[in-house]
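Peer 1: What follows is the residue order along each chain.
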Amino acid sequence: MQAAWNRPHILELASWQPWELDLVLQTASSFREVLAGRTKKVPALQGQVVTNLFFEPSTRTRSSFELAAKRLSADVMNFTPGSSSLTKGETILDTAKTYLAMGADILVIRHQQAGVPQFIADQMDALEAGVRVLNAGDGQHEHPSQGLLDLFTITSLYDPENPRLATLRGKKIAIVGDILHSRVARSNLWALLAAGVDLHLAAPPTLLPQAFGGLKPTDSPGCLTLHWTLEPALENADLVMTLRLQKERMTAHLLTSLREYHQAFGLTSQRLQGCREGVKILHPGPVNRGVEISSELMDDPRFSLIQDQVTSGVAVRMALLYLIGTYGEEAP
Amino acid sequence: MQAAWNRPHILELASWQPWELDLVLQTASSFREVLAGRTKKVPALQGQVVTNLFFEPSTRTRSSFELAAKRLSADVMNFTPGSSSLTKGETILDTAKTYLAMGADILVIRHQQAGVPQFIADQMDALEAGVRVLNAGDGQHEHPSQGLLDLFTITSLYDPENPRLATLRGKKIAIVGDILHSRVARSNLWALLAAGVDLHLAAPPTLLPQAFGGLKPTDSPGCLTLHWTLEPALENADLVMTLRLQKERMTAHLLTSLREYHQAFGLTSQRLQGCREGVKILHPGPVNRGVEISSELMDDPRFSLIQDQVTSGVAVRMALLYLIGTYGEEAP
Amino acid sequence: MQAAWNRPHILELASWQPWELDLVLQTASSFREVLAGRTKKVPALQGQVVTNLFFEPSTRTRSSFELAAKRLSADVMNFTPGSSSLTKGETILDTAKTYLAMGADILVIRHQQAGVPQFIADQMDALEAGVRVLNAGDGQHEHPSQGLLDLFTITSLYDPENPRLATLRGKKIAIVGDILHSRVARSNLWALLAAGVDLHLAAPPTLLPQAFGGLKPTDSPGCLTLHWTLEPALENADLVMTLRLQKERMTAHLLTSLREYHQAFGLTSQRLQGCREGVKILHPGPVNRGVEISSELMDDPRFSLIQDQVTSGVAVRMALLYLIGTYGEEAP
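Protein chains in written order, with our numbering: chain A, 168 to 499; chain B, 168 to 499; chain C, 168 to 499.
Only chain A is shown next, with the shape it has when bound in the complex (with noise of 0.2 angstroms):
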């Protein structure tokens, strides 16, 4: 009845099939179980190398793939670019390469430019060498593993045993903030367009261009609507996620000021009134307090998920590394 996992690599979630995206929540489920045991650990990629090249460095999402791959009994490789060959004149490929001639078997990759996981993935096919390539945040491209712990987080709301797609149709979902340049909403985006998810973007007209009005595929069941202005997209929405605020942004005559923007696009208590009871705020983390949202309401346990994201991210890491590393084995 079940299709069979068919990806070798996972680098964006635009093209994912709702099955699919199913398929990743009850692995997703089954590891969560695992890690609410006493032993946390299963022997799935025992002797498998799983490797972290994080271009641009990020502690927390290094962290949460290292701790996946340790709890799968996979060897973790890191490869830190400050003490690297890079500077010697080494491409990225032929790091790729180096770590793949030691014998990793899974490359996680986080590049500041949007491609190069894919670009390092069709080579890697290329020379047949059956490593798996996993993108962890690619410039302003994709972070399909945020979106798809994102999705975890939000459907196991409403159905903790069994979190699937179904349970999100006809959800109002409020998206805010930095859209433009958010690699987590386009992931985000795709994932719940194809849950059905009747989608609202809002932010200021800097960050938000009329053009992503276009980018919902004709045949998704989703709804997808922008807004230049916080209030309508929080009107009755049952989730609003939030958006970190890169700084860079001012200095780049996106913003006037932080200050003016958290009285815009802030969330805070207030502002959740006109959300429908109940609601819940995401953020991919690390935030900003004060900017995209209160001191007090991030801390607010009624309404913030975003120790539950943190909490998620292992759990659907350990998914994907594990439909990945077990792709291509030979049925049982």
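Be careful, since some hints might not be right.
Remember, identical chains collapse to one label, so a pair may be satisfied in a single copy or spanning two.
Unchecked claim - Listed next, the in silico DSBU-like pairs over lysine-lysine satisfying Cα-Cα at most 30 angstroms (straight line):
1. Lys208 to Lys237
2. Lys237 to Lys207
3. Lys338 to Lys383
4. Lys414 to Lys383
Bear in mind the hints are in silico, worked out from the structure with no lab data behind them.
Computed from a predicted structure; not experimentally measured.
Since the structure of chain A is provided, determine the placement of chains B and C on it from the hints.
Peer 2: Just chains B and C now, kept in the frame of chain A:
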């Protein structure tokens, strides 16, 4: 007969009872036996995650905790503040909560500011998070694992098989150096006074304010004496602990020069002649050779316990991680 | 029949006997079989601690040692000089002794200064510490694990099942590039001459002093010839090893420009036409594309052994860690 361990966190030694110190010594002693064996590992913390949050970097102490955790079969995550979210607007508490949400069971925290580990522990308790906090050095407050490894080192001198507080009663121990700024001195002071030691502190007046004389708890069996020259502290001393001198002290006009400091307070073989036969030297490391201690004395195995302190560190940290990591589990 | 391994440390190849080289090749060959299997791990060094003391940073070599150690089931500690005690007045020996005291069984040492690993090994022996030292590159002296992985790579070419020195006798091998400053060239030189290779060195005169001609040991079965142009070295060569060119050499006025260097000594497909049919290229990495070697040649699988060298590195380092890590244990 033996009271049960009842501290979920290890934050300071100021409030410890003698039986607690003895319990750590006993537990460390049994781990020392494990380390002398062939396997060197126990499965005690299998599946648990120990996270080193070292906001103030220290390769030496972090390595010691990391090895202790691995020898208890725990998984280790290292937070490196350089590439961290702290520069991105997160608070320390946000960072701690992120690692908690990922699945950390024990947070080992070093911070340049006194009170941070206590603050995090309080917040974790308020969240009923079940996470344990171990202070790996906070500002000028305390460094309890260092105090305990020093205690383990010297009690092992008097009874290698069965190290215990009672063997220190009435011993004369001198602590020499920058006591004012030393968290190591403070943690040692509480432990040694609780053991009934005749404790002597010696430093230039700028580094040892008169007020330190009042630190002795009224119910403590030890004695506390202050000196502003070295000789009376060393006279008939059984043990001498000298502290690392931060070179920044000179720019703060607390010292004239390192050479003059060495002439007045630096330990040398000759200066030890007033001590008791068999006197031993301790230093928490890293040593400024020729400042706190002459190079020749530091390397003299008849006197120096510096390597023993490092070795004790792993066994003592295993004991501490074990005690808090298994705290609150149902009795067998 | 087979003599037993009798080196507690691996510091250089200059003094090695052919049977020792063969024993490493055999041992690496059996670990290559382990790596080709499903489990990829052996319990040989369980409970042992391998410490990487890389005073000169190198992500690539450190990762290779780290993975080799993990696949032998050892625990790994990494010393990172950036946040280290060296800036705090400690000597290198103090650092080594600290890791010894923590429980390190093997110290893998890289240092910009020749002789540091030997010095540490001598001091450890004087202390009867039982700790093993492996030189991971010291100044312009030696890089024995690189020399051995090159040897393993090329002997595996001639007999993949049973790589051994004898297959290299009489082969013409050229080493091209900055020989003067290269520890890789020196380690290869000793190994290849011991194997009876017809060895040719080629470089600009500033990078290959006449004195290198006198390096051949009198009892060596190999031949050593020097060239100050590329062509005679390549003529009928079976194998060509080119070395990394440090860009600092130009500021030291040893080279005019990288472009002129490439024109005179850079390897290209065209230049290889004078070599023997089936010639292969080695490079210790990381490569300066278009300097030592043309990009197109580097990526040509018909010629390049560069990835094989990296793969060999893990098996050879497992062999070395295994041989010294089990040295001195009672025979079964």
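Peer 1: Broken hints, numbered, in rising order?
Peer 2: Hints that this structure does not satisfy do not exist here, as all of them hold.
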